[in-house]
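As they're listed, the protein sequences go chains A and B.
Heads up: the first sequence begins at 1 in my numbering, then just goes up one per residue.
Heads up: the second sequence begins at 1 in my numbering, then just goes up one per residue.
Keep in mind that the hints were calculated from the coordinates and are not lab data.
Computed from a prediction, not measured in an experiment: that's the story for all the values here.
It cannot be assumed that every hint is accurate.
In silico EDC-like cross-links for lysine to aspartate or glutamate, where the CA-CA straight-line distance does not exceed 20 Å [stated by the list, open to error]: (1) A:LYS25 <-> A:GLU89; (2) B:LYS2 <-> A:GLU29; (3) B:LYS2 <-> A:GLU103; (4) B:LYS219 <-> B:GLU163; (5) A:LYS158 <-> A:GLU103; (6) B:LYS219 <-> B:GLU206.
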Amino acid sequence: MSRQAPAVLDAGQRHPVRFTLNGRKAGGEAEPRMLLHDFLRHVLGATGTHVGCEHGICGACTVQIDGAPARACLTLAVQADGAEIRTVEGLALAPDRLSALQEAFRAHHGLQCGFCTPGILMSLDALLRERPDCGEAEIRETLSGHLCRCTGYTPIVKAALAAAEALRVPHHA
Amino acid sequence: MKPARFAYQRAATTEHVLEALHRSGGEARVIAGGQSLVPMLNMRLARPALLVDIMHVAALSHVDDDGARLIIGAGVRQRDLEMRHDTAARQPLLAMALPWLGHVQTRSRGTVCGSIAHADPSAELPLVLTALRGEVHLRSRRRARRLPAEAFFTGMMVTARAEDELIEAVSVPAVRPGTGYAFREISRRHGDFAIAAFAAVADEKELRLAIGGVAETPKARVLPTDQGLDDALDTFAWNLEARDDLHASARYRRELVRRIGREVVLAAIRDREARALKEAT
Ligand code: FES
Ligand code: FES
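In isolation and in its complexed conformation, chain A is listed as follows (with noise of 0.2 Å):
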């Protein structure tokens, strides 16, 4: 025998949503139809993550979730319920320490308006860890899911390589 079919959220009405954001236990109430990105920023006030196409193009809304970069504009807040999630706000080491990854972005300008960046530093920040001895080609491929309206991408490439280069030799004080 099948054990008891699980409970049905119903439309309309607001679900408890519990997850690990940064680390940090986090929750709230979120309709079924609520997506992951507006639970964040609205809910819980973590506008670090940014919006842009909301179907998944664009790159702006990346998140990280249980270690992988995801869209969080194509998932349900209600699918995320006991993942772990990191955004851009779990990435500075103390509020005036910037991960290797942030400092190598600003070094070489490696953005602009900014919009894009969380996204990407989500993206390129999974990819690191994964293959600390990753390469131009490799970068550029995880990068091939976002869209830059400023930088041209190159000041993006680089200040990855530079970031990986810094992982791998780190730096005495």
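We have chain A; now place chain B with the ligands onto it with these hints.
Just chain B with the ligands now, kept in the frame of chain A:
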């Protein structure tokens, strides 16, 4: 763009999924990774009353290998299959095509079966399934059945799946000795939908080429290996009834079928020879 309202149920067993589909009278949709369905919801091209989430059904989340076939469960994510150490050894064509699906940011969530269910004419997995003579494993409370890819894809984003059926898995033949494979996609940028995509399988009996992105569904043909190849490709190109769209003209697509189609079948034959050499040593 926000989805219209729907209810949501996180299923724990396959029976829950089948029960929900059975009861809903066509108003329920299965959600797996959501990478094809959620855009449809956001644009309100799909307005189901209930979404049944299958990603917590343990029985659907693995790849089974019975020696002759790889059976890929409905919960298997594209990226997980891409990263499995033995995918390339067990079915090279699958491994060749996976990096071309969307972007790493969508493969991380999207499932293999989800892309099959969506049946976009220019998507890579329906093409690979067609080229390999793969099967779609369907199950409902009424019955279980398997459909060959070519019977499953019935039109542009239309399939033979009944409303109460779940795609439980898809299966493809595992690599066979003496078989070569090739894959190629033509698109404006990596990750864009294909203007035309090609998958070829060459073994001792036949040379089979499948093409996606041109007709309403992926189409496959057995081609001659002799001097008749160019004529056969030309006939194939015309039979696909390509249409002009934003991305390319019908004429351009026909030319791709003739030229890239030829390159891809030759690549599959070379791959076959290279594998035979490796098997011999
Ligand atoms: S807002 Fe998610 S990809 Fe554009
Ligand atoms: S910095 Fe403006 S869109 Fe990328």
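Against the structure, the hints come out as follows:
no. : hint                  : in the structure
1   : A:LYS25 <-> A:GLU89   : holds, 14 Å
2   : B:LYS2 <-> A:GLU29    : holds, 17 Å
3   : B:LYS2 <-> A:GLU103   : violated, 35 Å
4   : B:LYS219 <-> B:GLU163 : violated, 25 Å
5   : A:LYS158 <-> A:GLU103 : holds, 12 Å
6   : B:LYS219 <-> B:GLU206 : holds, 16 Å
Hint compliance for this structure: hints 3, 4 are not met, and every other hint is.
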